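S.K.: This is what each chain is made of:
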Amino acid sequence: MTQVQLKNLSKVFSGTPAVDAINVDVACGEFLVLLGPSGCGKTTSLRMVCGLEQPTSGSIWFNGQEVTNLPVQKRKVGLVSQRFGLFPHMTVEQNVAFGLSVGGMAESEQKRHVGEMLEIVRLTDFAGRFPAQLSGGQMQRVAIARTLVTRPKVLLLDEPMASLDTLLRAEMRQFIRDLHEEYGMTTLLVTHDQIEAMDLADRIAVMFDGRVAQLAAPDEIYQQPADERTARFMGHSNIFDCTPVSDGYVESLFGPLKLGAGSNRGLKLPRKAMVRYESIRIVESVDQSQSNVVSGTITRAEFLGAMMRYTLQVGEGFLTVEEASSFKRKTGEAVSLTLPPEQIWLLQ
Amino acid sequence: MMRTASPAFMQNLRDVVEMTPLLVVLLGLFGGALVLGLLQSFGYAPWFGINEFPTTRYFERLWLSSDFWFSLGLTLYYAFAATLIGLVISVPLSIALSKRFKASRLFSALIRLPLMVPYTVGIALALVMLGNGGLLSRMSAGLGLIDDPSQFVQILKTHGGCGIILVYVWKQVPFMTLNLSAVLARTGDDTVEAAMVLGASSRQIFWRVTLPQIMPGIVSASLICFAFNIGAFEAPLILGGGYPDTLPVLAWRYFQDANYAFQLQGMAVVVSLALVSGLFLAAYLQGYRRFERARGRV
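Same order as they appear, the protein sequences are chains A and B. So my numbering is basically just the index in the first sequence, starting at one, shifted up by 1404. So my numbering is basically just the index in the second sequence, starting at one, shifted up by 395.
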């Protein structure tokens, strides 16, 4: 297993920094996801780790050895890209054997390894087919098999599920998770899909404008985002201005709100607070033990399948709430809400 | 009650009407000329006072002459050699063009330049540069490599055809390069990068990844260039080694003869040339289709 370190890694294209001095440590066997919107530098970072792009400055280390200037052929990494890069003129079997064949492995050995790998990715029956005769999911499995059969030190996945439909994505996520558990290979995945990132990652590095905004475990990034941009990128949330008034309380346009112990309450200056849609609860009856109870009127109701999304006018502001769709409420209905103190997070 | 025509029928009718001008030109000019040429080669030319149709004597006279086979060999040799050399130069050029480097735009413009220069200018340049009184021979004499420009190695006016092949290559390399560059652009970098990450060397990538992928471009470019080379007559006429000439030059000489009756012999040459060329191209295409089928692409 391999530890990967990116030290002050930068890449500048025609004077514009694509990656700006990022520092990331990936532990042996860890599944790290680089998450961010298009153009944030995540793919460029991955391509630098791979060796397909030369950094402008900074260095890349595998197990304490610098590989920054090592040619891509010698890095022993595996890459599965968004468009898979399958060789269209080769069969599935020939595609999977390619890495072994160029490495000079004997043909009988190649056949054995390829056979085993095709069994793992459940494509034994498709060995003689050409890429054009496969579905998107099958092509992705061929690309993964072709990479894994060479036993790379680090597995790099560049939006490998971007071209798949929703159902196939869920299936492939499970497949990638199983493979990672089985092989325990250090893995870096690039995606702009936060669900995919949270589902697969041991840790997530959220990137904006070529920089890492936050590097932490998925639940920490979701519940306690470093800043407003990360909070918005990681999912739907109510973000509103507030001013700390006393220890454990803030003043907001919804009135005074009590904070929980883990609400980042050490921050003193006026700032923004965040509450996720699903953290706010609509209550039928109010009792004295409940904190942060506010009243509002439903101005908009959206059916999302399993959930209903309500937009409510609360005082001079608006809050959005998600609730199981079994509770059907109507526009214009007056309701009471609680904002659990532990679910309010003050943003940096 | 009157029945109305179906929309599909009306659409077909519209398509035929829209295609009519093109069909008239194709069938009338090309098809008509082809039929007329065939008829002449079989002895039908009443406008010259000859009507021996059907006779194969023009073909017999041609095919039984050893000069014809020499001319055919010469024609095929120039066409094959120029196409092959053109490909050998164009493939690496197109790969180089697909990469970005500092002078890539200038490089690309320089490669395209011969496309804009007429063939005859290329032939004239070859005469000026490569002839025994040309620039190279004079320079060689000036540098003391030879005593007199006339001692310079004979490049033009030989059946070796260096000058002819050189002009063909000079003219068709840009065409082939652009054709292959378009295929490379469509293919993208994904497979090359995948091969690199899998540990393949540049040589392995070229032979096992790039070349098979640009094969459709190689086939189409070489087909077009070969078909052109086999039928071209200006370069062999001006730069060739003289009698026996290539088949297009032979045909041209028959057509230029004061005796109109030779036109029929000329037509037999043209039909023979078309037949041989068609057979070669069909065999080449058939071979390529088999190659593609073996790779699951057809």
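Derived from the structure by calculation, the hints contain no laboratory data. Since the structure is predicted, the reported quantities are computational estimates derived from the model, not experimental observations. Hints should not be assumed to be uniformly reliable.
Said to hold, decoys possible - Taking beta-carbon pairs under 8 Å as the criterion, some of the chain A residues facing chain B (in silico): (1) L1483; (2) G1489; (3) F1502; (4) G1507; (5) G1721.
To be verified - To spell it out: a stretch of chain B is covered by chain A in this simulated footprint if at least three of its residues, at any positions, have a beta carbon under 8 Å from a beta carbon of chain A; those stretches are: (6) 424-430; (7) 588-595.
Stated by the list, open to error - Residues of chain A clear of chain B, computed beta-carbon distances all greater than 10 Å: (8) A1425; (9) N1467; (10) F1488; (11) T1528; (12) T1551; (13) S1567; (14) R1633; (15) H1640; (16) S1689; (17) S1693.
Where is the CB? At the ideal position from N, CA and C, for every residue including glycine.
S.K.: Take the hints in turn and mark each one as holding or not.
M.R.: Going down the list of hints, with the structure as the test:
1. L1483: With Cβ-Cβ at 4 Å, under 8 Å, it holds.
2. G1489: Holds - the Cβ of G1489 (chain A) comes within 8 Å of chain B, reaching about 3 Å at its closest.
3. F1502: 6 Å, holds
4. G1507: For G1507 (chain A), the interface hint holds, since the closest Cβ of chain B sits about 5 Å away, which is under 8 Å.
5. G1721: Violated. Min distance 49 Å.
6. 424-430: violated (count 0)
7. 588-595: holds (count 8)
8. A1425: 25 Å, holds
9. N1467: Nearest chain B Cβ is 19 Å from N1467 (chain A), so the label holds.
10. F1488: With a cut-off of 10 Å, F1488 (chain A) comes too close to chain B, as the shortest Cβ separation is near 7 Å.
11. T1528: Holds, because the least Cβ-Cβ distance between T1528 (chain A) and chain B comes to about 18 Å, which exceeds 10 Å.
12. T1551: At about 8 Å from chain B, T1551 (chain A) fails to clear the 10 Å cut-off, so the statement is violated.
13. S1567: About 12 Å separates S1567 (chain A) from the closest Cβ of chain B, which puts it past 10 Å; holds.
14. R1633: Given a closest Cβ separation of 31 Å, the condition holds.
15. H1640: 35 Å, holds
16. S1689: Holds, since 60 Å exceeds 10 Å.
17. S1693: 59 Å, holds
In this structure, the earlier hints numbered 5, 6, 10, 12 are contradicted, and the remaining ones agree with it.
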